[in-house]
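Enquirer: Below, each chain spelled out in residue letters.
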Amino acid sequence: MRYLRLYACFLRFSFSRALEFRLDFWFRVGMDTLWYAAHLAFFTLLHEHTDLLGGWTVDQTRIFAAALFVSDAINMTVFSNNLWWFPIFVNRGDLDYYLVRPVSPLFFLSLRDFAANSFVNLLLALGILGWALARYPGPIGPGALGVFLLLLGLGAFLQYALHFLCLIPVFWMHQGRGLMEVSWSAQRLASQPDGIYRGWARRVLTSLLPYALIVSFPVRALFAADLGPLLAHSLLVCLGAFALLVAAWRRGLKAYSSASS
Amino acid sequence: MIRVRQLSKQYTVHEKEPGLRGSLKALFRRRRTVKQALRSVDLDVAEGEIVGLVGPNGAGKTTLVKVLAGIVHPSAGEARVLGAVPWERSNEFRRQIALIMGQKAQLWWDLPAGDGFLLLREIYGIERGRHARNLGELCEMLGVKAELKVPVRRLSLGERMKMELIAALLHEPRVVFLDEPTIGLDLTAQRAIRDFLLAYRERHRPAMLLTSHYMEDIERLCERIVILREGERIYDGSLREVVRRYAPHRVLTAHLAPDAGGAPDAAGLAAGGRVLESTAALLRLSVPRDRVATTAAEVLRRWPVRDLSIDEEDVGTIIERIFRARGEEAP
Chain A
1 MRYLRLYACF
11 LRFSFSRALE
21 FRLDFWFRVG
31 MDTLWYAAHL
41 AFFTLLHEHT
51 DLLGGWTVDQ
61 TRIFAAALFV
71 SDAINMTVFS
81 NNLWWFPIFV
91 NRGDLDYYLV
101 RPVSPLFFLS
111 LRDFAANSFV
121 NLLLALGILG
131 WALARYPGPI
141 GPGALGVFLL
151 LLGLGAFLQY
161 ALHFLCLIPV
171 FWMHQGRGLM
181 EVSWSAQRLA
191 SQPDGIYRGW
201 ARRVLTSLLP
211 YALIVSFPVR
221 ALFAADLGPL
231 LAHSLLVCLG
241 AFALLVAAWR
251 RGLKAYSSAS
261 S
Chain B
1001 MIRVRQLSKQ
1011 YTVHEKEPGL
1021 RGSLKALFRR
1031 RRTVKQALRS
1041 VDLDVAEGEI
1051 VGLVGPNGAG
1061 KTTLVKVLAG
1071 IVHPSAGEAR
1081 VLGAVPWERS
1091 NEFRRQIALI
1101 MGQKAQLWWD
1111 LPAGDGFLLL
1121 REIYGIERGR
1131 HARNLGELCE
1141 MLGVKAELKV
1151 PVRRLSLGER
1161 MKMELIAALL
1171 HEPRVVFLDE
1181 PTIGLDLTAQ
1191 RAIRDFLLAY
1201 RERHRPAMLL
1211 TSHYMEDIER
1221 LCERIVILRE
1231 GERIYDGSLR
1241 EVVRRYAPHR
1251 VLTAHLAPDA
1261 GGAPDAAGLA
1271 AGGRVLESTA
1281 ALLRLSVPRD
1291 RVATTAAEVL
1301 RRWPVRDLSI
1311 DEEDVGTIIE
1321 RIFRARGEEA
1331 P
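As they're listed, the protein sequences go chains A and B.
Counting from 1, one number per residue, gives the positions in the first sequence under the working numbering.
Counting from 1001, one number per residue, gives the positions in the second sequence under the working numbering.
In short, the hints are calculated from the structure, not lab data.
As the structure is a computational prediction, the values presented were derived from the model and not from experiment.
Do not rely on the hints blindly, as some may be mistaken.
[Claimed, not checked] Computed footprint of chain A on chain B; a stretch qualifies when at least three of its residues, placed anywhere within it, have a C-beta under 8 Å from a C-beta of chain A:
id : segment
1  : 1070-1083
2  : 1105-1111
[Unchecked claim] Covered by chain A, according to a simulated footprint, are these stretches of chain B (three or more residues, beta-carbon under 8 Å):
id : segment
3  : 1087-1094
4  : 1120-1126
Glycine included, C-beta positions come from ideal geometry on N, C-alpha and C.
Throw the hints in and build the complete structure from the sequences for me.
Expert: Below you can see the structure in the form of structure tokens.
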């Protein structure tokens, strides 16, 4: 309850702050709209040359693209700003103030800055998803839709956990740019339907580097006959990633040397 | 309230030769050296006490503060702050301490400080009435009530520091760590912060640990100082005792009347000491403590004196002298 009240405070302050910078607010909306349009056009173009992409029809791929936008918008709105600052905080010693507060520093660092200027993009992405689902010719049951939304949420959390895990070595390396780039490159693996991968690549992307679980698994839930394995798989991987993140965070804090004054 | 025993902290630092060649070499092989930031430090601080940590850059002052605030893990030794091990960072411990760093801001830059204080109310779980009371009291003491609605980035450095102090003290901490709280401030703001800290100590009696490069902070705020040199505690005691032990001389200043007849020849007067300045209007002597009275009497007897004062040596000079005694026997 206390953490919910705290998050409400973060939201309030983030909105107040974002609205102070109107130009940046509208710039971000414009940029992301362009990105959505380019991505939809890209998948449409691919389907002009093939009927199936990784086993999905053009309607299914459209839903995948829309789910990707929603997942990306959640990440940009909720986590991205916070994680961008994390390596800088470690290097400059700004982590100090987060460590002396009687609140989980992981919670504080991960959620304190809600990118209110990306929130409009999240609404936009949800609109595109609604449109893509409405255009789907087959039936989509409420159960499948519920699991889809749940897995989409888990996928967003997984994306955050994997991104943060990529940044933790900054405690020892003291340089975050390379880590950030590794993480961004790896995240691209989530932006294609997992059906295009075969054999060991597919096994890696669903277990060791579980980027396929971020968007492809939720979308699969809409069309799968049996939802249980998808749900169990995603839950297990998310729990494992979170446990790994907490353990790595604790190790990192032991090595944290702050910065000289 | 603070109890430290045999506390040590080592850092491993990479060394690189200067220039491109050094960088290329370091790409394949690096020389690592171990830097001892703290060496078996012992320390006790009681309620209501302000202890000044004094030492040159790299002496370990900030490291000690950060270990005791639970930010940095030590390499060896024990510490208890309010009965808790700081680096275990229990919420109960963190609710009762405060950290103020003059070089780092904790408030949200783009928002008014008042908004930041609301967030702190949630973080520390401060009941509304208590929050309003504490905020009112602190704003009144620091004279910043009118600035509460101004975005932090638009405040002057002095006002910002006052807001940082409020942010740190709103939850009535029992232990306060102050790392260079007056750094970069003008003299008026420095004085205001010092006066506030003294008044706050009188009202609330927290234990305070202060580091500062400004000797005036130390002189005004701390009855007790701990001197660190290369991570080692070389002195722990009253500031007055440091002056008595390490300043064997006092400075005698005589402002001479216009009919004194040129610069006085005082060479013989300063036996065991020295003449610091001798002009037609002013005579300044550094005199051994036990000869101050007789020398003053002699000055008054020989020259027409308008005003005479006897001062201790500047504390900063005394402490610098202790630092310079590097390699010699620790005091």
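Enquirer: A separate judgement is required for each hint: does it hold in the structure or not?
Expert: Okay, the hints, checked on the actual structure:
1. 1070-1083: Per the Cβ count (4), the hint holds.
2. 1105-1111: The restraint on the segment 1105-1111 of chain B holds, since 4 of its residues have a Cβ under 8 Å from chain A and three suffice.
3. 1087-1094: Holds: 4 residues of the segment 1087-1094 of chain B have a Cβ under 8 Å from chain A.
4. 1120-1126: Coverage by chain A holds here, the residue count being 4 at a Cβ distance below 8 Å.
Violated hints: none; the structure is consistent with every hint.
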